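Take these sequences, add in the hints, and give me the full structure.
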Amino acid sequence: MATNRGIAYIKPGIVEVQNIAFPELALGDRKCHHGVILKIVSTNICGSDQHMVRGRTTAPEGLILGHEITGLVLEKGRDVEYLEVGDLVSVPFNIACGRCRNCKEQQTGICLNVNDARPGSAYGYVDMGGWIGGQAEYVMVPYADFNLLKFPNKDQAMEKIRDLTLLSDILPTGYHGAVTAGVKPGMVVYVAGAGPVGLACAASCHLLGAAVVIVGDMIPERLAQARSFGCETVDLRKDATLGEQIEQIVGIPEVDCTVDCVGFEAKGHGHGSDTEQPATVLNAAMEVTRAGGGIGIPGLYVTGDPGGIDDNAKVGNLSIRIGLGWAKSHHFHTGQCPVMTYNRDLMQAILYDKIKIADAVNVQVISLDEGPNGYKDFDHGAAKKYVIDPHGMIPA
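Heads up: the sequence shown begins at 89 in our numbering, then just goes up one per residue.
Rather than coming from a laboratory, the hints here were simulated on the basis of the structure.
These figures come from a predicted structure and were not determined experimentally.
Here are the computed distance ranges between Cβ atoms for each label pair: (1) Arg325 - Arg118: 50 to 60 Å; (2) Tyr170 - Pro308: 39 to 49 Å; (3) Gly395 - Ser361: 15 to 25 Å; (4) Tyr440 - Glu172: 20 to 30 Å; (5) Ile102 - Asp399: 21 to 31 Å.
Even glycine gets a Cβ: it sits at the ideal position worked out from N, Cα and C.
Structure, rendered in structure tokens:
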């Protein structure tokens, strides 16, 4: 019998590699003729995974983690027409049916048919439909013809696999944040957060032609990583306000648009940098974004946070200064990235060397067994993106 292993969430702060069932082409008690089984080439640790592992969601014990997946088609259902066994594919983290109203309108992040609880679904994530995650050796992907992005040349793709593995989530999510904030050539942009999504967003802002990309964080190593590919930086531990630090860079205390790549576990600025203040980034964004500017919000905000600082935060009620944003005519865009809107174009940008995303986010390849240590390092603010190689297939 074929075997499989995956990284399971056990309790806050603890994940472990476990033996798990080999995937089947099935949805409950019925066959999944439109699905494929993948042999995973690469699967990444995401900052969103850390929210669960830190105990900041209602994730159940035993959840197999992982929604950033690249793999080889090992087996396919009878209704899969346009993929073949052996194809190398990128898996959007959004699971989408391709049939509902939202999917037909390219809103694949909020598919109506793949999660009984609410619109939208993902592999290995809390409240996202119970789908088994991809931090494993093998995984089942439904609606394969619709969901999967096939790389046109497998050998070429393997040469750039460190970059292409980021197409499943982090690069499209960062790019989505930039696009929805309204980044265009010549703009000055503030990116809140220098974790992997923030760094991917900053690189995307360069790709979109921004004149100045300013990245804010509290961890020196992350700020150094942002500077390594041409970003300006602000250290949010300093007593100087965000506006004052931006003014030192561009001469005025405002930017054209802002992208929140932090989310609900945000901390305060300056003297408050040791204290969780979940609305800090959103309020700061409204303060420094010019009148008429945009704010993209790919950073995660949840409806249930057991570790919230108060009763309001525990149900996602934050003290946001919406009057300021209204007065300045800001436009806001929230929600999960619809990966399929962007992944093919971004694949081409990678294949033709228009973006060096693995360098920007400092990809580090580890084995599946090293995954639990990767979680610990990531949680301590490591300035790198961990890519798990469960079968030892990524070239050294």
